[in-house]
Amino acid sequence: MSVAETKPQSLFEKLWRRHIVVEEESERPAVLYIDLHLIHEVTSPQAFDVLAGKKIRTRRPDLTFATLDHSTPTLPADNHGVLPYATPAAAAQVNALIRNCREHDIPLLGLDDPRRGIVHVIGPELGLTQPGKTIVCGDSHTSTHGAFGALAFGIGTTEVGHVLASQCVLQRQPKTMRVTFNGALSPGVGAKDMALAMIADIGADGGQGYAIEFAGPAVQNLSMEGRMTLCNMSIEAGARFGMVAPDEKTFEYLSGREFSPLGDSWDEAVAEWRTLPSDPDTVYDREVRINASAIPPMITYGVSPDAAAPVDGRAPQPKSDIEKHAAEYMKFDAEQPFSTATVDRVFIGSCTNSRLSDLREAASVMRDRKVKEGVTVLVVPGSEAIRAAAEAENLHLVFLNAGAQWRNSGCSMCIAMNGDQGEPGELVVSTSNRNFIGRQGRGVRTVLASPATAAASAIEGRIADPRPYLTMTGKQNRCH
Amino acid sequence: MSLKSFQNLTSRVIVLPEDNIDTDQIIPARFLTTTERSGLGKAAFYDWRYDDAGRPRNQSPLNLAGQGGHAILVAGSNFGCGSSREHAPWALLDLGVKAVISSDIADIFKSNALKNGLLPVEVDRKTHRRLLKAPGEEVTIDLETQTVRFGGKWQAVFKVDSFARYCLLEGVDPLGFLMQQLPAIKEFEKGRA
Ligand code: SF4
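Read top to bottom, the protein sequences are chains A and B.
Taking our numbering, the leading residue of the first sequence gets 394, the next gets one more, and so forth.
Taking our numbering, the leading residue of the second sequence gets 184, the next gets one more, and so forth.
Please note that the accuracy of each hint is not assured.
[To be verified] Straight-line C-alpha distance at most 30 Å; calculated BS3-like pairs for lysine-lysine: (1) B:Lys342 / B:Lys373; (2) A:Lys568 / B:Lys336; (3) B:Lys369 / A:Lys448; (4) A:Lys642 / A:Lys568; (5) A:Lys712 / B:Lys316; (6) B:Lys316 / A:Lys448; (7) B:Lys316 / A:Lys717; (8) A:Lys568 / B:Lys342; (9) B:Lys281 / B:Lys316; (10) B:Lys309 / A:Lys568; (11) A:Lys407 / B:Lys369; (12) A:Lys712 / B:Lys309; (13) B:Lys373 / A:Lys400; (14) A:Lys447 / B:Lys281; (15) A:Lys407 / B:Lys342; (16) B:Lys342 / B:Lys316; (17) A:Lys717 / B:Lys309; (18) A:Lys407 / A:Lys642; (19) B:Lys225 / B:Lys373; (20) A:Lys407 / B:Lys373; (21) A:Lys447 / B:Lys369; (22) A:Lys447 / B:Lys373; (23) A:Lys724 / B:Lys225; (24) B:Lys225 / A:Lys447; (25) A:Lys724 / B:Lys316; (26) B:Lys225 / A:Lys717; (27) B:Lys225 / B:Lys281.
[As the list claims (entries may be wrong)] DEER-style ranges, computed between Cβ atoms: (28) B:Gly319 / A:Asp455: 53 to 61 Å; (29) B:Pro366 / A:His473: 49 to 57 Å; (30) A:Asp471 / B:Arg238: 33 to 41 Å; (31) B:Lys316 / A:Glu728: 28 to 36 Å.
No lab work stands behind these hints: they were computed from the structure.
Everything numeric in this text was worked out from a predicted model, so none of it was measured.
Cβ coordinates follow ideal geometry from the N, Cα and C atoms, glycine included.
The task is simple: from the sequences and hints, build the whole structure.
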């Protein structure tokens with residue numbers, strides 16, 4: 394055997410190797426085969442236009458899957474069946490996807506489909522996302538699917554066109570980084586807090602050029618939902634890829650889902666998936682170690698996700714003009730305890746934290762309590778299936794009784810394209826992934842947090858530590 | 184779409200010293216409900232260029248974009264982080280920006296920019312610091328030799344992915360290259376079936 398064959402390989406390298414159609418050379422990137430191409434209304438219309446101009450049809454509509462989420466209203470249709478689109482352009486964009494999918498025979502979860510939802514939520518939910526697959530989408534949070542041991546990454550619209558036309562992308566192999574979370578999470582701390590702690594540690598560009606593999610006991614102990622939250626946030630550290638080795642939990646999650654293999658094919662698939670985890674003694678280009686037991690509930694206080702700190706802490710002294718500018722925008726004084734910041738709005742949703750476990754976590758804090766007067770709270774499930782499951786266990790009543798709004802599924806206030814947004818100057822505690830200036834509406838100040846922290850903040854009307862709520866109800870359960 | 188070619192460019196620079204300028208700044212999400220790729224220049228850095236009432240902010244250096252040869256943007260580190268929206272390079276190009284210089288530029292933005300003929304130029308920290316202090320400076324970017332020159336004798340090298348550079352210099356569309364690989368792609372599919 395050659396040295397190359399005996400060299401221990403990481404999960405990433407195994408998947409990369411198995412999908413190379415044409416090897417990378419110094420003069421050109423590899424031609425990488427794509428097993429699943431997810432599309433949505435925002436980043437696809439211009440790609441379809443390019444294909445139309447060249448008279449090219451989608452090569453593998455059977456490996457392509459579409460959903461509506463970004464511009465899609467989360468309020469129901471009126472008495473005439475008209476959906477409250479934010480603008481005519483938003484409606485036109487949704488209609489363009491419906492038309493393009495029809496013309497290209499691409500399966501689409503349409504507006505009335507009970508399986509419709511956020512692209513990174515429906516992939517795993519339907520069993521389309523599987524270990525060992527290469528998955529792309531014109532969306533940077535495609536890294537979410539890496540939670541299943543898939544090689545999943547975001548691409549731009551030109552590349553969406555490439556994949557539609559050829560089922561391949563041109564891609565250079567990134568470096569590998571392993572982030573190991575040792576120890577066990579404390580009560581009231583979840584995957585979102587792990588993600589924010591990591592980004593604060595390595596920086597918003599710390600993962601630039603790397604594929605991250607999350608490992609260690611605290612990652613193994615996460616539910617699949619928690620692993621998705623963690624991989625989702627890889628891009629906020631600059632990494633296009635985040636992944637976790639598949640294990641029994643992964644297989645259990647996928648078993649019996651609509652697009653999961655069945656019968657003998659299932660057994661074969663699982664046997665194959667068991668070969669995917671990184672070999673012992675794999676060498677990574679960079680190693681990061683984080684003590685999970687020392688992570689408290691985290692929030693962000695700046696305008697970049699790496700400006701994250703413990704929720705019970707204080708705003709730091711700005712160290713540069715840029716940090717000063719961020720602090721002015723966020724209206725945090727140096728040394729101000731975060732718990733003194735008044736909250737105007739709370740958003741519980743997005744592909745980061747809108748799954749059933751996230752909604753249960755928020756509901757456990759809000760149950761039999763009232764949202765603070767003056768605070769607007771939006772709870773937006775990640776998919777229609779999650780909405781139905783949450784309603785089946787009456788979680789919607791917990792939110793409604795508390796004074797929160799319960800919406801249909803979609804991206805909603807994560808990107809504020811569908812009319813769901815904050816007002817200028819408002820402070821929004823949000824379970825989404827980006828606190829960029831204006832992300833949730835012009836002039837909106839975004840504080841990223843876990844569902845538990847967001848729910849506690851809704852109750853108190855200020856940035857609040859969720860831990861007292863867990864002990865008050867006598868619950869010592871972990872968030873994930 | 185045939186790719187626009189890029190040879191070299193001499194232009195004055197606009198400086199935005201902020202680090203981590205994300206794609207939500209470059210084009211706010213509310214402008215993404217479009218099915219077109221043209222005409223997005225108005226939306227470029229909209230909230231930086233216009234106030235809450237939609238009035239132009241007179242002091243914004245971006246007002247110079249495209250005017251009097253201001254086609255190069257010098258920005259703080261980690262430029263273009265955030266979402267994968269290709270609307271960001273489309274908007275910049277429509278505004279008249281043809282190249283962005285920074286110490287590091289986010290991966291997806293870089294890849295999207297190169298596919299549209301907007302050149303992402305990553306220079307060493309010393310050159311970067313120098314350029315951040317030089318709004319209005321005339322800078323030459325030469326893609327053939329991958330050098331940046333300014334201020335008489337200042338010269339720095341940069342590296343663009345060799346394939347992207349070839350496509351830009353020759354005006355080659357990578358989609359055409361991919362379509363030529365179809366026999367190999369079909370072979371690959373057979374091997375896995
Ligand atoms: S929820 Fe937010 S981050 Fe996720 S796909 Fe939608 S807009 Fe993107």
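Worksheet entry | Hints that the structure is at odds with (numbers, increasing) | Violated hints (numbers, rising): 1, 2, 6 and 19; every other hint is consistent with the structure.
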